[in-house]
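Going down the list, the sequences are from chains P and U.
Counting from 45, one number per residue, gives the positions in the first sequence under my numbering.
Counting from 200, one number per residue, gives the positions in the second sequence under my numbering.
Worth double-checking, as some hints may not be accurate.
[What the hints assert, rightly or not] Only part of the chain U face toward chain P is listed, based on derived beta-carbon distances under 7 angstroms: (1) L245; (2) A301; (3) E337; (4) V410; (5) L413; (6) R427; (7) F493; (8) E509.
Keep in mind that the hints were calculated from the coordinates and are not lab data.
Every value quoted in this text rests on a predicted model; they were computed, and no experiment measured them.
Just so you know, even glycine gets a beta-carbon here, dropped at the ideal spot from N, CA and C.
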Amino acid sequence: MTIEVSIVVPLYNEQENVARLCAATHEALAGMRRSYEIVLVDDGSSDDTVAVAAAIARSDARVRLVVLARNSGQTAAMAAGMAHARGLYLVTMDGDLQNDPRDIPLLVDTLEQKDYDLVAGWRMKRQDKLVTRKIPSRVANWLIGKITGIPIRDNGCSLKAYRASVMRHVPLYSEMHRFIPAMSSIAGARIVEVPVRHHARQFGKSKYGLSRIYKVLLDLIAIRLVVAYANRPLVWFLKMAAVPGALGAAFITGGIVSALDGEYSLPLFGSGLILSLAVGFLLALGSLGELAKHFARRDVVPLVTASAKYSKPVPSATDLEDLS
Amino acid sequence: MTNIDVIVPVVGSRTDDLTTLHRLRSEALRAAGYRPSFFYVLDGDLPRARDTLAALARSADDACVIQLSRRFGETAAVLAGFASTKTEHLMILPAFEQVETASLGRVIDALADADCVTVRRHPRCDSALRRGQSYVFEAFLRRVGNSKFRDPGCTVHALKRTVLEETPLYGEQHGFLPLLAANVGFKVTEIDLPQARGDAARRVQRPRSYVHRLVDVLSVFFLTRFTRRPLRFFGPLGAACTAAGLLGLAIVVVQRLLLGVPLAERPALILSSLCVAVGLQVLAIGLIGELIVFIHARSMRQYRVREIIEAGAEKQRAKPALRTQAAD
């Protein structure tokens, strides 16, 4: 039997939540009239998550459990779940019951009826701490939107639905799960955002803190490079060389002016020379990037469909009011 | 009796009487219920060891000698030996007695509950200086490589075949096999075996070997932490250097504009420019790394599946349905 929807749930130390999550998902999808499976992915939990989830998987044909050998991170867990999912549509959600499975039919219907490739959940009424979660999240989402050019309001919401065929083109690595919409957009995916419910965490501890902010910032720079310049890296390095190039030119000009006045200035000439050499080095690195891309022997950014290029702005809750 | 293939890289720098060592090891493993086959890999031209091993191969039916055409290093020797092995469980032993030979069977026994077994030489009987060196090395590796193993200098390992198949090893990384295997996702355990008297009597290594080890540790540090996110290593370094340079430039320019201090007489200008140049270059190297990771992301090993559990059947490391190029 063809499975239409695969719900992928990464789990890390969620022993109290697993059974409730599966029960809530079955209850929410009972009226969906689509075949589905729940793919639980244990990401190296140190508590009894595997034992609880395994008991469910052995007794329920709609549930599969993928056990990872070690803690590999949420992105890898998601990639593992997607790799072992059999559905035409993939839905990802957290295992902490903060996402509401009752939103899954809305996401899948939007995906199918509106012919989108990715439907991102937007936690309009987020039930988290203001200072440590909501404010950093808003700043991060604003930054991600500005830098990647994909103005999703809630990149951190795990509740998302995808066409499985599209996810084949999206490389998931490192901690890139936050940037799946941006990564999908470079593969040509059409993206929409819909409001979803959000609940406060009932059991277990949050695995996130403010410490991840600098990591997100560095990942953002990386994603900016790959989103915009993966197919033409030299352009990125040309832009990067603009600052030292301008400064170097200014210092050398200053040095020449001083020399014409009869005062030879080592600091001005030296600084200009150093910055000019940096420009040369950056251009050499850009060429190296071109070489790396060339030897990949394919376009590093494959398009999902030639005609389905993403266009701004992302349709949002207001556009989809009739659906919600 | 269970067959077990034993790889012994012979690299020249530290080699015991291989004939005696072979007899003792063979007896110890047979006493523990195993039928060993030894694969001695000669790393380059080692006339003495070659003659000894040639005689051994003629007289013993459980010894095989593999001669590498030139010196490739210990890791290459291990991998060359691995290519000739056939058994599901393997053992890697140094060409000298590092732990009490009579206890070697316990290392293989421990494979019942792990993918890879490494050994801590304990109790140790060598000098306080040697123990101090080992402690510093272990502490350093624990700090930079997130290692939980207490004797990274011990190269006695037992492992399942799949560990060497799936753990990328090159250069001189053979000594870090337990750490790298754990990083891939294999279950690695450490057991205690008494240190051999002969190992304790060895002289202190030359300074050059410590430099080589430091380089190896740094390479492992990068491999275990930043392989998939090079910008997280290069980014902070480059950004700090660039920011310091831009701050310095801003200060000298402000002093020029407000206080009239001529730029042409400021060595700080050169230093600040140098910081900007170096910082941007370091950042750019990180970005090139990110680009390379992105290009190869689809073929990268990101996770390892231990098992798949579903109603009616349990599969070990099943092939993925969607992303066939992923970790399995």
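A quick look at each hint next to the structure:
no.	hint	result
1	L245	violated (38 angstroms)
2	A301	violated (33 angstroms)
3	E337	violated (21 angstroms)
4	V410	violated (28 angstroms)
5	L413	violated (26 angstroms)
6	R427	holds (4 angstroms)
7	F493	holds (4 angstroms)
8	E509	holds (4 angstroms)
Comparing the model with each numbered hint stated earlier shows that hints 1, 2, 3, 4, 5 do not hold.
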